[in-house]
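Build the full structure now, drawing on both the sequences and the hints.
Going down the list, the protein sequences come from chains A and B. Take 1 as the starting number for the first sequence in this note's numbering and just add one per residue. Take 1 as the starting number for the second sequence in this note's numbering and just add one per residue.
Be careful, since some hints might not be right.
Copies of one chain are not kept apart here, so a pair can be met inside one copy or by any two copies together.
Result set (BS3-like, lysine-lysine): computed pairs, CA atoms no more than 27 Å apart in a straight line [to be verified]: (1) K244 with K182; (2) K173 with K142; (3) K35 with K204; (4) K49 with K35; (5) K87 with K204; (6) K87 with K151; (7) K244 with K35; (8) K204 with K182; (9) K182 with K223; (10) K151 with K173; (11) K244 with K173; (12) K49 with K87; (13) K244 with K151; (14) K87 with K173.
Hints in this document: simulated from the structure, not taken from any laboratory.
Protein chains: 2
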Amino acid sequence: MRILITNDDGWGTPGIRLLVEQLQTLGEVIVVAPKTAQSGMSNAISVGKMLRIDLVEQTDGKRVYTCNGTPSDCVKMGLEIVCHDLKPDLLVAGINHGSNAAVNVIYSGTMGAVYVGAEYGIPSIGFSLDDHRMEADFSHYKPYLLPITQKLIEMSVERGVCFNVNAPTGPLKGFQFARQCKGYWDDEFAEYHDPNGGTFYLMKGVFRNIEPEACDTDESVMKNGYIAITPTSVDTTHYPTFQKARQ
Amino acid sequence: MRILITNDDGWGTPGIRLLVEQLQTLGEVIVVAPKTAQSGMSNAISVGKMLRIDLVEQTDGKRVYTCNGTPSDCVKMGLEIVCHDLKPDLLVAGINHGSNAAVNVIYSGTMGAVYVGAEYGIPSIGFSLDDHRMEADFSHYKPYLLPITQKLIEMSVERGVCFNVNAPTGPLKGFQFARQCKGYWDDEFAEYHDPNGGTFYLMKGVFRNIEPEACDTDESVMKNGYIAITPTSVDTTHYPTFQKARQ
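Rendered as structure tokens:
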């Protein structure tokens, strides 16, 4: 089994190291990770930019490349340049330092990479932990990584469907399938004044859950102590509206 | 009516100028456009970057700002900083120079901006033309911009649903609702060698339509000479898989 791994935090971070360590037990691992932090890069691609890819580590059953592009660029270069001879059987991104539940999924570089895998018809999974810190504790998550990966491969979903897996911190009760929680980011900018009197802003924000009572959302599943697995689609058509409009 | 307008090509491009000219007949227009070209930026947000917004033009019923961020940043700054007193009734992005049909929707900075509008519960529409050139001819598209905008407002879809509108070049027969065509990008990198012997790559690509016989996709609707209107969802849950997995 050939497994392509990426993330949006770069090769130096603990999340991807743990993922590689675990997935190596399943087969050959090829890492293509961004050279610099790419959080919040969504599905951005580097149009018109000189892209480079460098082999930085090679051991038995593992090759690690870094790329000066986005997570989506990493997957595309991994598939077309590194794996041109033999496509991977699985794409896994993460473990992201920070939750990609709810509307975070559309901003996430990790999930951007996962969408690219799904676009190309490869079983694709993104793992995230609801803790942004580099010193985040992954020990409770670790025993679940392989069983979840194997379960999701066995589901053999159709092309264009992938998985967004999010774990809460603290002890875990297990995992549950979930849907994307409805909500939005609020209070998103902190205002500053520079020494010349100009104004600039830095992003911050508070997530507003607009369905806190629902029990089947990724947010509520995590709140209840479970890992939330959200089946996610590259096809963004809103079918109820499409069907109504075609009548 | 207050209308927030953005794009991913910047304020200097013909597509957004035409959109502003047309939408000004419906109410007050506020433009927040990126300072530099942001094609392929998807829903990227500028975490940790100093963001600035500048008023560059002001006339009766129209204000134009530029922002040094992504299209998604532009919408967020438009909503929270420029329109903090009174939220817009409508968000429109485009007209993009280039199609955002099929899987392009996940890479598109234009549609990234539209998703942000939908996240915040504002009726949101992205207009694109299947012609990348700056000198693209929009004259066939122009008579449809206001009727389509008005029709989509009247549909008053639920929060989180927005519209991806794509016109082919050449004469038009009208518009039709469509779903996102399934397919993928292929042959995505051109290889070069720099003077020092290093290798770099530039993105290119060919779109592979994997359902060319379907007649209800955005690609086929455009091919038949119609503007394709695809209802698009910020909720990326794949409900058939979710429902099956919960059983």
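Results of checking the hints against the structure:
no. : hint           : result
1   : K244 with K182 : both (22 Å within a copy, 21 Å between copies)
2   : K173 with K142 : within (13 Å within a copy, 57 Å between copies)
3   : K35 with K204  : both (24 Å within a copy, 22 Å between copies)
4   : K49 with K35   : both (15 Å within a copy, 18 Å between copies)
5   : K87 with K204  : between (39 Å within a copy, 20 Å between copies)
6   : K87 with K151  : within (21 Å within a copy, 45 Å between copies)
7   : K244 with K35  : neither (46 Å within a copy, 39 Å between copies)
8   : K204 with K182 : within (19 Å within a copy, 36 Å between copies)
9   : K182 with K223 : within (15 Å within a copy, 35 Å between copies)
10  : K151 with K173 : within (17 Å within a copy, 48 Å between copies)
11  : K244 with K173 : between (41 Å within a copy, 22 Å between copies)
12  : K49 with K87   : within (25 Å within a copy, 36 Å between copies)
13  : K244 with K151 : between (35 Å within a copy, 14 Å between copies)
14  : K87 with K173  : neither (35 Å within a copy, 42 Å between copies)
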